[in-house]
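**Q** Each chain, letter by letter, is given below.
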Amino acid sequence: MTTPLILLPGDEVPNDHLPTIKSHAKSAPLKIGQGLRLVSQPSTTSTPQSRVLKATQAGILTTDSKRKIVSLLSFPNRRYTPTVNDLVLAQVHHSSADYFHCILTPHTPHAFLPQLSFEGASKKTRPNLKQGDLVYARVLSTGVGASAEVELTCVNPATGKAEPGGLGPVTGGTVFDVSTGMAARLLLATSSRADDSDDGVAGLVIISELGRKLANVGGFELAVGRNGRVWVDCPDAEEHAVPAILAIGRCMQLTDEHNLDLADQKKLVTRTLRELKLAS
Amino acid sequence: MAAPIASISDAFRADGSASYKCPVTGYRVLAAVNAPVELPARKGALKPQEATVEVSIRPGKLSPSVVEKSAESILRRMLASVILRRHAGYPRRGVVITLAVVEGEPVGRSGTYLPLMPALLHSSLLALMSAAVPLSCTFMTLFFAVTRSDEIVRDPTPAAIKDAESLHVISFSSTGRTLLDLVDGPCDLDIWATIHQQAKDIYQGAAVPGPDGDISMDEESNNAPGDIIRETVEDRLRRDYRWEFETL
Amino acid sequence: MDSLVQNANPKLQLTPTQFAAIEPNAYILSQLSQRPSSNGVPTRANAREQFEFRDMTVTVGGFTHANGSSTVRIGDTSVVCGIVAEQIYTSEVPSWDVSQASVSANKRRRLASSGKTLLDNDEETDQAYDNEESRHIEDRCLLVPNVTMNTGCTPGYVPGAPPSEDEQSISNNLLGLLRSTRMIQAEDLRIWYQPPNLDAGESDSSNETQLPELKAFWVLHIDIMVMSYGGNIFDAAWTALVAALRHVTIPYAWWDVDKEIVLCSDDASKAHKLSLREMPTSCWFSVFEPQPRPASQDEVARGSLGDGWWIFADPDGYEESVCEENVWCVVSKDKNGKTRVYRAQNVGGSTVDSEVMHNLLQISAKKWEDMKSIIDEVVATGSPRAVAWKGKSYSA
Numbered sequence: 001m002t003t004p005l006i007l008l009p010g011d012e013v014p015n016d017h018l019p020t021i022k023s024h025a026k027s028a029p030l031k032i033g034q035g036l037r038l039v040s041q042p043s044t045t046s047t048p049q050s051r052v053l054k055a056t057q058a059g060i061l062t063t064d065s066k067r068k069i070v071s072l073l074s075f076p077n078r079r080y081t082p083t084v085n086d087l088v089l090a091q092v093h094h095s096s097a098d099y100f101h102c103i104l105t106p107h108t109p110h111a112f113l114p115q116l117s118f119e120g121a122s123k124k125t126r127p128n129l130k131q132g133d134l135v136y137a138r139v140l141s142t143g144v145g146a147s148a149e150v151e152l153t154c155v156n157p158a159t160g161k162a163e164p165g166g167l168g169p170v171t172g173g174t175v176f177d178v179s180t181g182m183a184a185r186l187l188l189a190t191s192s193r194a195d196d197s198d199d200g201v202a203g204l205v206i207i208s209e210l211g212r213k214l215a216n217v218g219g220f221e222l223a224v225g226r227n228g229r230v231w232v233d234c235p236d237a238e239e240h241a242v243p244a245i246l247a248i249g250r251c252m253q254l255t256d257e258h259n260l261d262l263a264d265q266k267k268l269v270t271r272t273l274r275e276l277k278l279a280s
Numbered sequence: 001m002a003a004p005i006a007s008i009s010d011a012f013r014a015d016g017s018a019s020y021k022c023p024v025t026g027y028r029v030l031a032a033v034n035a036p037v038e039l040p041a042r043k044g045a046l047k048p049q050e051a052t053v054e055v056s057i058r059p060g061k062l063s064p065s066v067v068e069k070s071a072e073s074i075l076r077r078m079l080a081s082v083i084l085r086r087h088a089g090y091p092r093r094g095v096v097i098t099l100a101v102v103e104g105e106p107v108g109r110s111g112t113y114l115p116l117m118p119a120l121l122h123s124s125l126l127a128l129m130s131a132a133v134p135l136s137c138t139f140m141t142l143f144f145a146v147t148r149s150d151e152i153v154r155d156p157t158p159a160a161i162k163d164a165e166s167l168h169v170i171s172f173s174s175t176g177r178t179l180l181d182l183v184d185g186p187c188d189l190d191i192w193a194t195i196h197q198q199a200k201d202i203y204q205g206a207a208v209p210g211p212d213g214d215i216s217m218d219e220e221s222n223n224a225p226g227d228i229i230r231e232t233v234e235d236r237l238r239r240d241y242r243w244e245f246e247t248l
Numbered sequence: 001m002d003s004l005v006q007n008a009n010p011k012l013q014l015t016p017t018q019f020a021a022i023e024p025n026a027y028i029l030s031q032l033s034q035r036p037s038s039n040g041v042p043t044r045a046n047a048r049e050q051f052e053f054r055d056m057t058v059t060v061g062g063f064t065h066a067n068g069s070s071t072v073r074i075g076d077t078s079v080v081c082g083i084v085a086e087q088i089y090t091s092e093v094p095s096w097d098v099s100q101a102s103v104s105a106n107k108r109r110r111l112a113s114s115g116k117t118l119l120d121n122d123e124e125t126d127q128a129y130d131n132e133e134s135r136h137i138e139d140r141c142l143l144v145p146n147v148t149m150n151t152g153c154t155p156g157y158v159p160g161a162p163p164s165e166d167e168q169s170i171s172n173n174l175l176g177l178l179r180s181t182r183m184i185q186a187e188d189l190r191i192w193y194q195p196p197n198l199d200a201g202e203s204d205s206s207n208e209t210q211l212p213e214l215k216a217f218w219v220l221h222i223d224i225m226v227m228s229y230g231g232n233i234f235d236a237a238w239t240a241l242v243a244a245l246r247h248v249t250i251p252y253a254w255w256d257v258d259k260e261i262v263l264c265s266d267d268a269s270k271a272h273k274l275s276l277r278e279m280p281t282s283c284w285f286s287v288f289e290p291q292p293r294p295a296s297q298d299e300v301a302r303g304s305l306g307d308g309w310w311i312f313a314d315p316d317g318y319e320e321s322v323c324e325e326n327v328w329c330v331v332s333k334d335k336n337g338k339t340r341v342y343r344a345q346n347v348g349g350s351t352v353d354s355e356v357m358h359n360l361l362q363i364s365a366k367k368w369e370d371m372k373s374i375i376d377e378v379v380a381t382g383s384p385r386a387v388a389w390k391g392k393s394y395s396a
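Protein chains in written order, with UniProt numbering: chain U, 1 to 280; chain L, 1 to 248; chain G, 1 to 396.
FYI, nobody ran anything at the bench for these hints, they're computed from the structure.
Remember, it's a predicted structure, so these values are computed and weren't measured experimentally.
Any given hint could be a false lead.
As the list claims (entries may be wrong) - FRET-style restraints, in silico, Cβ to Cβ:
(1) R238/L <-> A21/G: 48 to 58 Å
(2) P23/L <-> L305/G: 34 to 44 Å
(3) K66/U <-> P163/G: 58 to 68 Å
(4) G160/G <-> L30/U: 48 to 58 Å
(5) R238/L <-> V93/G: 52 to 62 Å
(6) E38/L <-> T148/G: 26 to 36 Å
Claimed, not checked - 20 Å max Cα-Cα, derived SDA-like pairs, lysine to any residue:
(7) K267/U <-> S149/L
(8) K47/L <-> D370/G
(9) K31/U <-> G89/L
(10) K47/L <-> P155/G
(11) K366/G <-> D190/L
(12) K338/G <-> T194/L
(13) K267/U <-> W243/L
(14) K335/G <-> W243/L
(15) K47/L <-> A148/U
(16) K266/U <-> S149/L
(17) K338/G <-> N359/G
(18) K47/L <-> V144/U
(19) K335/G <-> L189/L
(20) K392/G <-> D370/G
(21) K338/G <-> D190/L
(22) K333/G <-> S149/L
(23) K338/G <-> E151/L
Each residue gets a CB set at the ideal place from its N, CA and C atoms; glycine is no exception.
Here chain U stands alone, though its shape is the one from the complex (with noise of 0.2 Å):
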């Protein structure tokens, strides 16, 4: 990989940097993933193969050629804005008969959640959250058009199950806000289970190095959702929890804020744990 093709709105996508598509054979067609378009006339009309993709956004141009996905990388701090499937840490903001209304992001409509959406929940075994309360779930459906309800879920719809574990409501721990970009790569950190190397997941080392450092009081438990919200809880760490939690959230914050490199995370979680008192 040579240096990244950045694209700013309105700049055309070079035909040789999209995934080459046999047109007659049965390979899965081109997707177009987030911050580009289809237009349909291209200005050059050579072949009628050929297709013009513009940007939408500024970011940089990734393409899989596996799956035949091209897509924008945009900014880490933009706006949450919701896709199925994502894992999302909803907040409960009001309940009606049979939702759940929870704030996802700040200033947009709430997101829908049935009340028998979690495991093994029935009328008469739901569970009664209050305002405020949180829940770890799954972006079911984002809707269509201008009325665009995001459904959220925390169970697979096929199996009944809370899959991927996990999903429903979270008790005590805190929450931390990150920006969506250090979301997702808190997500590939903690999906993945590479605690080998130590060029850590996704350019990001403080979780495996905080997992190891304080795993002396118990380890944490972790939930990130792709909005933006991470929650942390240390269950078992009795009187270094609330340190061994700020010092996590801090972690992660600080890493986003200041885009730290791999040795400055783990000089920051040296210098944290030891001024918190959780490490000498």
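Got chain U; can you put chains L and G on it based on the hints?
**A** Just chains L and G now, with coordinates in the frame of chain U:
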């Protein structure tokens, strides 16, 4: 001529933010964008099929007055023509743009906002990109003044602006269209046409980078406000995605 | 059974008015493409051609207590303008500096000695004087235009609400235009006091010392009320403002040394009119592009005028609500017939380029000639009498 100074994604809490300073006029504008958001107070005015754009200008030293209102209305309509307001997730929502004039001479009661337009527009554009608001194109804005002796000055100084007969602001989209065309003050139609020709030449010079090693290269790299916008965006994106592209 | 089904699905019949209300874009587009007028030119929904302006009626006078007043009707838009002159003493002006008046005082003396009036000194306009003059008008807020919407002028107007963005924007544009056109001469708004020459014997030296003193200013309150909103209020407001300014009579005022106040004369022959430098005309155009454009095709190759997009001169309220791109031109012609641009504003879209803009400016210049003769005529009649102008079409 000193090049403008721009930065992007400075504010941590806003969805998108940017700052832009014109060294010649001395104006520095801080822009923040929140989008897409709900505008409960404007329910009656929201259109079901597209997003509503709101712009508010906070003048640095004075309290906002009527002068800002008409500048806001120009900016709102100009930016609305660039934003893809029917993009998924945007209809019936708002794109809120807040512009704070941080440095520079305040605009008086009957003053004109034209000298501020390049800084206001460029900072809004950067902030919109920073918030990943879908746009159909980018744009660049040029600013001219005509002196009493009918001399055309590009990027005039505050003193020249005060003495100028007329002020001109022209914006070109990256697709080559005229997005904004403002004139304030008496000016002959012939001079008007000359300025437009000149603006077009500058725009085309900026859009098509000539063969390198040219004499005019140094001047041109300074002259095109489009370049500084591209550079700022690219620098920031490289920095933000350093973890992905440099570790490999 | 058949009849039941038919009743359930009555044939959908829309009257043109319903169609116009439901789908304004499609309606305007269908009118443009369906009804070519006699000479094959596309006609708008209001039966006008693209560059056809509406009928206009201008009246001056009518308000007895105002120094100047006018009424303008453009189609369904009607606007009333009243101008009241009030005095403000220089002693009441905060941070008034006597030296500020010195340049103009010198100028005044020079003019008085050379026997010229202010009007015919265009050639020798002194830059410092000019600057100071406009600064006086601006700094002292001598011109106060204000636009208010009358309750019931348009269905969208909420009575009792704070001034809308439109109203504020129009007021500010009026003020900005008064500034940039320098229509009003500051001298017309000054009230002087010439100290008596006490030692009349030595005439040479007295000329040096006895400068006239600036004692007060006239402040013009320009109130414009929109009685009915039928689109293009700015043109109506500006025309009303110009007509009313031409109609303004300012009484002769002098400084009474003993009472230390400004007194006004009720002698109509001593009163003066404002000497306006310019009288530019404002023209609004709306650019119509059929909406909604498909999301992917918002940059369809721009055809020529009339092919995919149209320009509506003097748009009515219905057209304004549909068009997003607007062009505003304020122009006049000088003595040599050259077009002067005072304001040009093209915002909200990407269809109008400099070529089209140039044409629109030229059309506005042609309209200026007509406007000038209307206002000249209406002012010349003196008594409240309406002058009507039949709307017509222009070409560049």
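**Q** All hints are to be evaluated individually against the structure, with a verdict given for each.
**A** Taking the hints in turn, this is what the structure says about them:
Look at R238/L against A21/G: about 53 Å separates their beta carbons, and that is inside 48 to 58 Å. Taken as a hint, the range 34 to 44 Å holds for the pair P23/L and L305/G, whose Cβ atoms sit roughly 40 Å apart. The hint said 58 to 68 Å for the Cβ distance between K66/U and P163/G, and at roughly 60 Å that hint holds. Between G160/G and L30/U, the C-beta spacing of about 57 Å keeps the proposed range 48 to 58 Å intact.
Between R238/L and V93/G the beta carbons are some 57 Å apart, a value that agrees with the proposed interval 52 to 62 Å. A hinted range of 26 to 36 Å holds for the C-beta pair E38/L and T148/G, which are about 32 Å apart. With a C-alpha separation of about 64 Å, the suggested pair K267/U and S149/L falls outside the 20 Å cut-off, and the hint is violated. For the proposed pair K47/L and D370/G, the alpha carbon gap of about 40 Å is over 20 Å, so the pair is violated.
Between K31/U and G89/L the CA atoms are separated by roughly 19 Å; this keeps the pair inside 20 Å, and the hint holds. The straight-line distance between the Cα atoms of K47/L and P155/G is roughly 17 Å, inside the 20 Å bound, and the hint therefore holds. Proposed proximity of K366/G and D190/L is supported: the alpha carbons are some 16 Å apart, at most 20 Å. Distance restraint check for K338/G and T194/L: the Cα-Cα separation of roughly 15 Å lies within the 20 Å cut-off, and the hinted pair is therefore satisfied.
With a C-alpha separation of about 17 Å, the suggested pairing of K267/U with W243/L holds against the 20 Å cut-off. With a C-alpha separation of about 68 Å, the suggested pair K335/G and W243/L falls outside the 20 Å cut-off, and the hint is violated. At most 20 Å may separate the alpha-carbon atoms for a hinted pair to count; K47/L and A148/U meet this at roughly 14 Å. The suggested pairing of K266/U with S149/L is violated, with an alpha-carbon distance near 65 Å, which exceeds 20 Å.
Note on K338/G and N359/G: the hinted pairing holds, with a Cα-Cα distance of about 14 Å set against a maximum of 20 Å. Note on K47/L and V144/U: the hinted pairing holds, with a Cα-Cα distance of about 16 Å set against a maximum of 20 Å. As the CA atoms of K335/G and L189/L are separated by approximately 14 Å, the hinted pair is consistent with the 20 Å bound. Our distance criterion of 20 Å between C-alpha atoms is met by K392/G and D370/G, whose separation comes to about 10 Å.
With a C-alpha separation of about 9 Å, the suggested pairing of K338/G with D190/L holds against the 20 Å cut-off. Distance restraint check for K333/G and S149/L: the Cα-Cα separation of roughly 19 Å lies within the 20 Å cut-off, and the hinted pair is therefore satisfied. Pair hint K338/G plus E151/L holds up; C-alpha atoms about 18 Å apart against a cutoff of 20 Å.
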